[in-house]
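Protein chains: 2
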Amino acid sequence: MIVDSSKAAVCLLSGGLDSATTLAIARHEGYDCHCISFAYGQRHTIELEAARRVADSLGATTHQIVNLDTTIFQGWSALTGGEDVPKDRDPREMEHDIPSTYVPARNLIFLSIAAGIAEGFGAREIYIGANAVDYSGYPDCRVEFLESFQTTMNLGTKAGVSGDTTRIHAPLVNLTKARIIEQGIALGVDYALTHSCYDPDDQGRACGRCDSCAIRRDGFKNAGVDDPTIYSPGAIP
Amino acid sequence: MIVDSSKAAVCLLSGGLDSATTLAIARHEGYDCHCISFAYGQRHTIELEAARRVADSLGATTHQIVNLDTTIFQGWSALTGGEDVPKDRDPREMEHDIPSTYVPARNLIFLSIAAGIAEGFGAREIYIGANAVDYSGYPDCRVEFLESFQTTMNLGTKAGVSGDTTRIHAPLVNLTKARIIEQGIALGVDYALTHSCYDPDDQGRACGRCDSCAIRRDGFKNAGVDDPTIYSPGAIP
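The listed protein sequences derive, respectively, from chains A and P.
Those letters in the first sequence? Residues 37 to 273, per my numbering, in order.
Those letters in the second sequence? Residues 37 to 273, per my numbering, in order.
By construction, these hints were calculated from the structure, which means they are not laboratory data.
Remember, it's a predicted structure, so these values are computed and weren't measured experimentally.
Certain hints may be false.
The list treats identical chains as interchangeable, and a pair is accepted whether it falls inside one copy or across any two copies.
Quick list of in silico lysine to aspartate or glutamate cross-link-like pairs, EDC-like style, CA-CA up to 16 Å [unchecked claim]:
#1 K194 <-> D133
#2 K123 <-> D226
#3 K123 <-> D237
#4 K194 <-> E180
#5 K257 <-> D92
#6 K123 <-> E65
#7 K257 <-> E218
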């Protein structure tokens with residue numbers, strides 16, 4: 037595939053609210069977006085269907101689902117078959133603990149693979165929907181990590197050492213969930229296409245009680261936007 | 037699996053000369069070694085058989101072959117199905133160019149996955165056989181990159197931000213190939229078990245003419261050690 041590298045960006049796309057908004061921003065900034073999603077043994081593989089819908093709806097140039105060997109993460113996170121996904125947590129607890137849904141080195145691995153694919157495509161921009169405000173528990177969603185990763189990537193890749201450096205864009209990193217939703221709405225994101233729940237039922241409906249559901253629901257409420265999420269009958273919306 | 041994390045190390049093991057020596061060093065330093073090899077679509081998948089032999093012979097605790105989705109690197113390197121592997125190159129050329137066997141972000145990806153697995157196991161030591169002396173062309177084999185990676189990893193992982201930092205060990209990074217071989221011989225490495233050639237024949241014999249063969253052969257010569265490599269009949273040893 038021939039890519040006009042000056043316009044090409046690689047976008048990490050989980051299928052959730054943040055990455056959908058990030059893709060919309062990258063498209064708005066004029067980039068041809070090559071989206072990457074990861075099948076890594078997550079409970080909520082249904083998010084990959086959401087990623088496909090979001091990529092289509094926002095005019096992604098390509099969308100690649102990378103299959104990660106599930107032995108990498110297996111059993112080491114509540115998201116990958118370890119303990120149960122925590123429910124009904126106190127928001128103050130969310131702010132201070134690294135939750136059991138933390139997946140070891142996930143964004144480090146995802147960004148590293150994005151760096152390889154970007155270098156292959158000749159893209160010099162990588163977008164990630166990392167957000168440190170509403171979910172401060174994950175260390176790999178913080179600015180310090182993302183800046184350091186950019187430095188490391190440019191030291192370890194041919195493009196970087198040739199002076200043609202690659203940039204990490206994390207446009208949501210310091211935004212509240214409500215502000216993210218407002219931006220996305222302004223850019224035409226259809227959040228009904230997205231999936232955030234860590235523990236959906238067998239029909240893909242959101243549990244309404246995991247951290248991801250709680251933060252998403254509060255985001256819609258605080259933004260004054262109708263929540264388009266389809267919840268499981270047992271959920272507490 | 038229960039691991040005594042104070043003694044556990046994760047070792048990247050390609051099956052080549054450098055990583056075998058690195059594993060021997062880690063074992064000599066007293067670590068229980070959890071080895072990781074990668075099937076990433078490389079031409080020389082036969083190196084994975086060598087990795088298995090080396091792990092066994094040096095008493096690795098575990099050996100995991102991680103299957104990387106071959107779409108990550110496909111066609112973007114002479115090692116993964118792009119152009120032909122270069123042969124008979126001038127050593128001065130090797131010193132100054134990044135060769136076509138460069139694989140975009142390979143060590144960044146390998147180390148990131150090692151970081152995730154190390155965190156899962158509770159290991160705080162990661163060993164890599166990177167070497168910048170005899171093969172200065174790869175940007176991801178240099179000290180600057182490895183140090184920066186260590187910083188990034190500790191900023192982006194639960195262990196790191198909890199103050200329980202993980203270290204990258206690259207004991208060969210500043211050694212010549214001859215010195216590496218001398219160290220390995222002293223530690224009991226059987227180099228007949230290792231595989232370095234980028235372009236082996238269908239019986240797994242070394243071509244003798246790729247950069248990796250040339251550097252390896254010179255290493256044995258300069259160390260005054262018999263070269264145990266089995267070369268293809270067409271090779272120029």
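Against the structure, the hints:
1. Taking the shortest Cα distances, K194 and D133 sit within 16 Å of each other only across copies (10 Å), while inside one copy they are farther apart (38 Å).
2. Taking the shortest alpha-carbon separations for K123 and D226, neither the intra-copy value of 26 Å nor the inter-copy value of 53 Å comes in at or below 16 Å.
3. For the identical chains of this complex, K123 and D237 are intra-copy neighbours only, at 14 Å inside a copy versus 56 Å across copies, given an alpha-carbon limit of 16 Å.
4. For a Cα distance limit of 16 Å, the shortest separation of K194 from E180 across copies, 14 Å, qualifies, whereas the shortest one inside one copy, 24 Å, does not.
5. For the identical chains of this complex, K257 and D92 are neighbours neither inside a copy (27 Å) nor across copies (58 Å), given an alpha-carbon limit of 16 Å.
6. With identical chains, the CA atoms of K123 and E65 are never at most 16 Å apart, being 37 Å at best within one copy and 44 Å at best between copies.
7. In the homo-oligomer, the alpha carbons of K257 and E218 lie at most 16 Å apart inside one protomer (11 Å), although the nearest pairing across protomers, at 67 Å, exceeds that limit.
Hint compliance for this structure: hints 2, 5 and 6 are broken, all remaining hints hold.
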